[in-house]
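Q: Residue strings, one per chain:
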Amino acid sequence: MNLLYGFSFYPEHIYEEEAYQKDLKLIKESGANVVRMGEFCWDVLEPSEGVYDFSTIERAVNDLGKMGIQTIICTPTACPPAWMSRNYPEIAYVDNRGIRRDFGARHHYCYNNETYRGFTKKIVEKIGETFGKNPYVVGFQIGNEFAQEGSGRCHCDVCRGKFVQSVKEHYKTTENLNQSWGLRFWGQSYTDFNQIELPIAPTERDARPLIKSYFDSPSLRLNFERFASDSFIEYFNLQADILKSYTDKKITTNTTGFGTNGVDYFKMFQTADVFGLDAYPDLYRDNMDNSSFENSFARNIIRNEKFWMLEFSIGGGHGLWSGEGRLQPYPGAIENAVMHTFASDAGAVVHFQYKIFCSGAEQLNYALIDQDRVPRRRYFEFQRTMEHLKEHSAVLEHSQVKKADTAILIDYNSLWALRIKPVKHEHSYIGYACELYTALKELGYSADVISWKNDFSDYKTVIVPNMFVICDEAAEKLKAYTAAGGTLVGTFLTAIKDTDNVAISESGPCGLTEVFGVNISEIEPVFEDTVATIDFGSFQGKDKYWLDVLEGKGAEPIGTFANSYRRGEMIVSKNSYQKGTAYYIGTAFDDDCTKKLLDTILKEASVAKAPFTLAKGVEVITRECSDGDLVHYIFNFKREDAHVQAEKNCTCAITGKQLGKSIKIAPKGYIAIKI
Amino acid sequence: MNLLYGFSFYPEHIYEEEAYQKDLKLIKESGANVVRMGEFCWDVLEPSEGVYDFSTIERAVNDLGKMGIQTIICTPTACPPAWMSRNYPEIAYVDNRGIRRDFGARHHYCYNNETYRGFTKKIVEKIGETFGKNPYVVGFQIGNEFAQEGSGRCHCDVCRGKFVQSVKEHYKTTENLNQSWGLRFWGQSYTDFNQIELPIAPTERDARPLIKSYFDSPSLRLNFERFASDSFIEYFNLQADILKSYTDKKITTNTTGFGTNGVDYFKMFQTADVFGLDAYPDLYRDNMDNSSFENSFARNIIRNEKFWMLEFSIGGGHGLWSGEGRLQPYPGAIENAVMHTFASDAGAVVHFQYKIFCSGAEQLNYALIDQDRVPRRRYFEFQRTMEHLKEHSAVLEHSQVKKADTAILIDYNSLWALRIKPVKHEHSYIGYACELYTALKELGYSADVISWKNDFSDYKTVIVPNMFVICDEAAEKLKAYTAAGGTLVGTFLTAIKDTDNVAISESGPCGLTEVFGVNISEIEPVFEDTVATIDFGSFQGKDKYWLDVLEGKGAEPIGTFANSYRRGEMIVSKNSYQKGTAYYIGTAFDDDCTKKLLDTILKEASVAKAPFTLAKGVEVITRECSDGDLVHYIFNFKREDAHVQAEKNCTCAITGKQLGKSIKIAPKGYIAIKI
Amino acid sequence: MNLLYGFSFYPEHIYEEEAYQKDLKLIKESGANVVRMGEFCWDVLEPSEGVYDFSTIERAVNDLGKMGIQTIICTPTACPPAWMSRNYPEIAYVDNRGIRRDFGARHHYCYNNETYRGFTKKIVEKIGETFGKNPYVVGFQIGNEFAQEGSGRCHCDVCRGKFVQSVKEHYKTTENLNQSWGLRFWGQSYTDFNQIELPIAPTERDARPLIKSYFDSPSLRLNFERFASDSFIEYFNLQADILKSYTDKKITTNTTGFGTNGVDYFKMFQTADVFGLDAYPDLYRDNMDNSSFENSFARNIIRNEKFWMLEFSIGGGHGLWSGEGRLQPYPGAIENAVMHTFASDAGAVVHFQYKIFCSGAEQLNYALIDQDRVPRRRYFEFQRTMEHLKEHSAVLEHSQVKKADTAILIDYNSLWALRIKPVKHEHSYIGYACELYTALKELGYSADVISWKNDFSDYKTVIVPNMFVICDEAAEKLKAYTAAGGTLVGTFLTAIKDTDNVAISESGPCGLTEVFGVNISEIEPVFEDTVATIDFGSFQGKDKYWLDVLEGKGAEPIGTFANSYRRGEMIVSKNSYQKGTAYYIGTAFDDDCTKKLLDTILKEASVAKAPFTLAKGVEVITRECSDGDLVHYIFNFKREDAHVQAEKNCTCAITGKQLGKSIKIAPKGYIAIKI
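Chains as they are written, first to last, in the working numbering: chain A, 181 to 855; chain B, 181 to 855; chain C, 181 to 855.
Treat the hints with care, since some could be wrong.
Any copy will do: because identical chains look the same in the list, a pair fits if it lies in one copy or spans two.
As the list claims (entries may be wrong) - The list that follows gives simulated cross-link-like pairs (lysine-lysine, DSS-like), each with its CA atoms no further than 30 angstroms apart: (1) 818 x 246; (2) 733 x 313; (3) 818 x 722; (4) 570 x 633; (5) 447 x 844; (6) 854 x 783; (7) 733 x 208; (8) 570 x 306.
Keep in mind that the hints were calculated from the coordinates and are not lab data.
Since we're looking at a predicted model, the values are computed, not measured.
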């Protein structure tokens, strides 16, 4: 079996040989075929400057390797050791308020600091030398969860210097900069690039403001977001390039998916071999809506290369975040979630982690095995999951998720712009994209979550949620796509700002009014006391978040206000544009209305649904085998039976058993079906 | 027409001549007769130190002037340019935690810094030279919204030095200071003035605490509030004096009314020509209670001189405060609110602003016209408002709001003292004063919101809400007023502290026990689970916020506890004092009870109501014409019809049309009536 | 009468002789026999460096003494004077974010700073000299409420240096330290002790985080908690040792009981003569549950020595915390609460305070007498309380609270560990212990709240709530206790971590699995949507906070899951261990279930209840007289009558009056009974 299933392992935490041997035995008996190691052990690998000792990790790699267990080796750069922080205080991360982040937690380094990069190069070279050709090593993870916990926007002098330099290179003159960023607002224009200060208002969820509100230039801010993201990418590539000179194994890093959003992953993974991410669904309650959405993103970053789930819930335990402990997995939920991940095109699922930490900030939180090394339910469920995975491996390895008919386009500039200046507290860019994805999923439609920079010309439908920032290239692609016969679905907050986060002085959706056949006439947030009813003829819905009220410029209204002083005004439009059709959805809706609207649109675009009647908490993933056959994985995330009605009689894709048309799936169960 | 109606305009944001010409045309066609310019363009006016270029603003003033549109010119001192912040870092504002506020937002300067004042003088002189005699300039605005966004209490060394000096001058010896401030509490007495540190706990709504609670001396704090307020006044006068040497035009600044409360406006406007303020009522929902209250304050600061509304809502758009976008104006609401402002004795209403900002912290928020320069509903409503304003101008210009029979006295020391040590989270000094004002308004009584330093001897009734800080002068005026036959209404939290924010060692209300005929016996906050019923004989009410339980010293009880262990004890008293009457209202009440109580009191004081039966959301403003005739402006702020019953048959003051006694006013409508 | 009853008095605040004389008179007429003085007047005692002036305090001590009123003298070290802060800036407290706490509030000093300790020594010596032999002085209070308001964890360089030194002394080598703290987690091992930085994430309730989450090492953190606690103890002893050389009077300090929890009081009071604490029950609403629990702790710290309540509610007034004013005492509540405190073995009750402060951060909050020096209800209730206290003094002085049959064990390491990493926001270590105590109290059982380091061998039942941190000594004591025939009651979160805050690699409850006859199998927080029903056969309950699901190793299940996927699994166990019995209660319950469960356990352990049927809001305190007779004090904390049913006919212990078996107690009343 090529699929990798295992967990993180920290041999460097073990002091007694007996305990180590016991762990080896338990790992072997778990059935795991992969472990992940080393992302936090720089202190062990380089106990003092220039002195390296890889024996602990190397021995574990080899011992496990001989048992048939492969290792993903991590570079340890998330945590510079104490001696480095003490001897080179300039490597410290500096927060938005100018306060140094001292040694004592993690991510306490500046990713742009050259001293730190120097130490990074040396340790990565040693890792390359030591593990590059090791037959038991299956791949490399660079660092750990870049930009987590408010560590993604360093404000040190080095960062300021590099940022100023990057601005200077891009804009050449302060005149050009001032005009591009609209800096005459509040008299903020520069006469010298060196006058630029870093933005101060926090955008990271863990950062704290200096005062309650500090009104930075949004253009400075968006450019700084890109700069910091690019700095991480530069730092990633610095490591990747060294590793590539030592190894042919796969190189990746573990992103936080849509959790942190400090780095543009589309850009970062251009030079990686495999996309990696960490995900912590709640294995008791979770309907996996977010996971499903994120997995669609994950499998499309590097197409035709299965992604690696490098950290994954196992359930249970105290929390890292104080007072927020985790529920134990519902019986069967580990297998359910793991198989869902593999069915979503994961090539590896690596639980976090083998044994509960006794010490440190993450002590007592979730792991496969408790601190007493007594195997219990989670361990046994892991074993059973591995057995069943093997039964499914032939199907999973020789198939991949069927390319969807629908793409959902994601854009980091829009994400950041709407984080810098949110329009409504309840609204989030990613949250709304996930709402649309989930509505499709519940209807039985699949969707690929991709960058607008991808080629999306062969999708039947392209949905563009809140693409607030637009550039000529994106606008041209969307127009060309529609002109050629595609069905384009735009939403409120589309095409208002340029890539400097400056609003464009045109009627919105800027550059796309012709394709959508509408102008945005009035915009407005939706408050609880201003919710209006929108009429679609055959159904109605309530508006949500935000309104882009539309003025027809050729489009026909398909959704109009049923009440309020806007009664009769257009809020959802449909336009024929050359060979294609473009819809503009000027507001968000309650779930039911969203589903009816999307169903109407996709039906008209001749998009096919999965041949099942589904329900909330049930998901179908259709995989296409190398012989063209389809296998439908159906998951029941609920804690009660699910009843799925198929269009035709089904058989089990693993056992060949006849299943009829009415299929019952047990709580937290799943099934692979041919129809 | 002498009334000014227009909006802010930012010609310095425009780069293309074509766009500029289009703006001129749109402004002209809007019908506006005034614009406000220049409050944030120091970077343009003085692009580098000592180099001045006023051409952009001057050209716009002249171009618009030739079209018949006048300009209010602002000094640009709210935003020092980047070169100044970089080259003179000592000018930076320092917050309560000692953190410098760097260039990048606005208000990033210390108003006490001499370097900054030096630059200020030079730019203001240039403005005086350039625009002082320009025939198209109608007046000058100094700076912009002093003390906004946590910029009103600088903690830099210069401020500390000046504050220490001012304390030294006032108190002469540390012995005197220690005794005056009661500094032996917590052993805080000084032996040298130089030991004084600035207070740290924040009072500004946008400042952040150092620790959750830092217990400064309230006396230090109140003195620092006055010092900072005086510093702003000094800074204002520094500019005003220069301008006066160049011009005869009106000089003002745009205050934030009761929004920020960092500066004592009664004191600041002693040297100004006209009172200016900014107000942002919600034009969808607003009942205008706060605006009405604030306008009464505004028109009484400089009597017989119409105030200028220098920034005013236009509705719609993204918010400056992230996630807090604004609703579009309800149809008709712009006109409704604007006419309400003029009817309240505004001489100018200047919307914020002409065209939606494309860039900067305020990008995409509200303006007359959208970023695509396409006139839409707000623009058309502006045009219509201007037309109707002209129809009303004869009435409005030749009348002024009739002096009320009732005054509400405001005191900044009490405001600050209750902000420094609030007694109850739900209670605010201004909020409670506004509650009383609103109760009167809904009953058809008008009230003038004035300083206790004004002459209030000719009012029939004087209401003194929460005058927590008392001085001999104020106490004497209140006593003399009552003795001479006035009706004095005091409330809970009256006359407890002196102007050093030290409680007076006497029975409260200190110095006023004789006039009120009561002593305060027990005080107590009112919690949800301790609300008591108060009985007034003919009606009852529920107490709120705070209790001053009263012990009779001659007064008769008119409100007593109907339940709780205080059943029968006095909470509202009435006392005859020489020729007058004094009421002490020992707690706040629900709205209905407040109205019944005030109605009883005012009736007994022979105060006349407007001759209409009103309702919530409807307001009458009675104006007195030069010929003594009265015109009643009645506003319906609701989104439904209002029905007003008049005591006699009415006619429309504009058209002369007969209206009968039953008057229907459309949603967001208004009417001017003679009766 | 040897019982002390009075209030704090601040003669240093008084400037006029007349006022001083009036105060002396009022104090005398109040009937008080004790005052507390001097904790905040260093500025008066040492007006400039090395110049001492004790006349104000000394005169007051003597004047009052001659009236028969004794004084508790405080050292003034909570508030270094301004000249010291200015001239020796190095003495300042530094917060977790590295920001100095300047002069201006209180506690603005570092307790480890040698300069500060030098000044401390000198002033304390002077106090010893001046008051050590004064016949009117009854005792000494050292400092004031150590570690209040976020002042308990100084982060200055001196503290860092001493902490590093203490770590070095304890662990000898970094290897040993790294292993003991498990520092290989996140690569945090040290190669030099000097690399240690102080922990940054705040644990104090008033401190503020640096970023939203900063994940310190919990081992570093717990060691720092102990270090800071020890530093306070060292600082306390530094003062106590000096005083002891001058006086034989009692030495104490006023702790905050379970309010602040910055210092291990068991350890601090080993060298004190009497335990002192401050308590502020709400005299309107309070059911005294927390006070009752805290008093049990207070009277057991130094056994057979009545504790001193050094600050105590008097009710009413503005709050120190802005917007959180205090209710006035319900009529009778002062006496009720004071007698409850004496009945709980207080030897002194000192109200805070004599006269309302006019100035400073605590201005206008609660005192016996208002700022106008007019005696009102609180004063009269004080007088009456004193009269009644005298009537009870014979009984109270010649008896003490009967030793309970049940002990509740408290452990500061567990308290801190659960504060460093809470398991659930709703759960607190002290809160849960108090829940158990209250359940017992309402059933009529008394309990002694003691340290596990006390000898608890002669209790019938020992309850160990959440003893998360375990050491060999504690485990051995618990085992020996049970083996010898005791009834041990453990709860969830018992015996998981060692004293370095590192989880132990054994099955939990670590070291106690044999005595309890169970292993903890799965752990989990309880959320609102995951509450399960637990079945005890004769009753049921709902789980709360946290689950330790149990696996039987000899114990019998007495509580099992009635629903959820764990139906039938054990959550409460009972085990016979040698001569004794051990219960493990794997979760918390609703109040009713907790009572039923504890009643079952205590009945089986033959623990006797008070011979009354009680109810919520009613408490019995049984006192044992020197002749062995029992007197039962019964308190009604409610604002309505309480009806108590006695097992036999009763008589009043003061008057001898026959009371029968049905006893009615008035609102906020109490009675002393013999039965």
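Q: What label fits residue 733 with residue 208 when the C-alpha limit is 30 angstroms: within, between, both, or neither?
A: Only across copies: residue 733 and residue 208 sit 27 angstroms apart there, 67 angstroms inside one copy, limit 30 angstroms.
Q: How do residue 854 and residue 783 come out at 30 angstroms by Cα distance, when the copy is not named: within, between, both, or neither?
A: within (24 angstroms within a copy, 64 angstroms between copies)
Q: Using 30 angstroms as the alpha carbon limit, work out where residue 818 and residue 246 are close: within a copy, between copies, both or neither.
A: Neither: 40 angstroms inside a copy, 73 angstroms across copies.
Q: Please work out whether the CA atoms of residue 447 and residue 844 approach to 30 angstroms or closer within one copy, between two copies, in both situations, or in neither?
A: neither (43 angstroms within a copy, 64 angstroms between copies)
Q: Could you figure out if residue 733 and residue 313 sit no more than 30 angstroms apart (CA to CA) within one copy, between two copies, both or neither?
A: neither (63 angstroms within a copy, 49 angstroms between copies)
Q: When no copy is specified for residue 570 and residue 306, does a C-alpha distance of 30 angstroms or less occur within a copy, between copies, both, or neither?
A: neither (36 angstroms within a copy, 82 angstroms between copies)
Q: Reference check for the pair residue 818 and residue 722, CA-CA at most 30 angstroms: within, between, both, or neither?
A: both (27 angstroms within a copy, 23 angstroms between copies)
Q: At 30 angstroms max between alpha carbons, let me know whether residue 570 reaches residue 633 within a copy, between copies, both or neither.
A: Result: close neither inside a copy nor across copies, 37 angstroms intra and 56 angstroms inter.
In this structure, the earlier hints numbered 1, 2, 4, 5 and 8 are contradicted, and the remaining ones agree with it.
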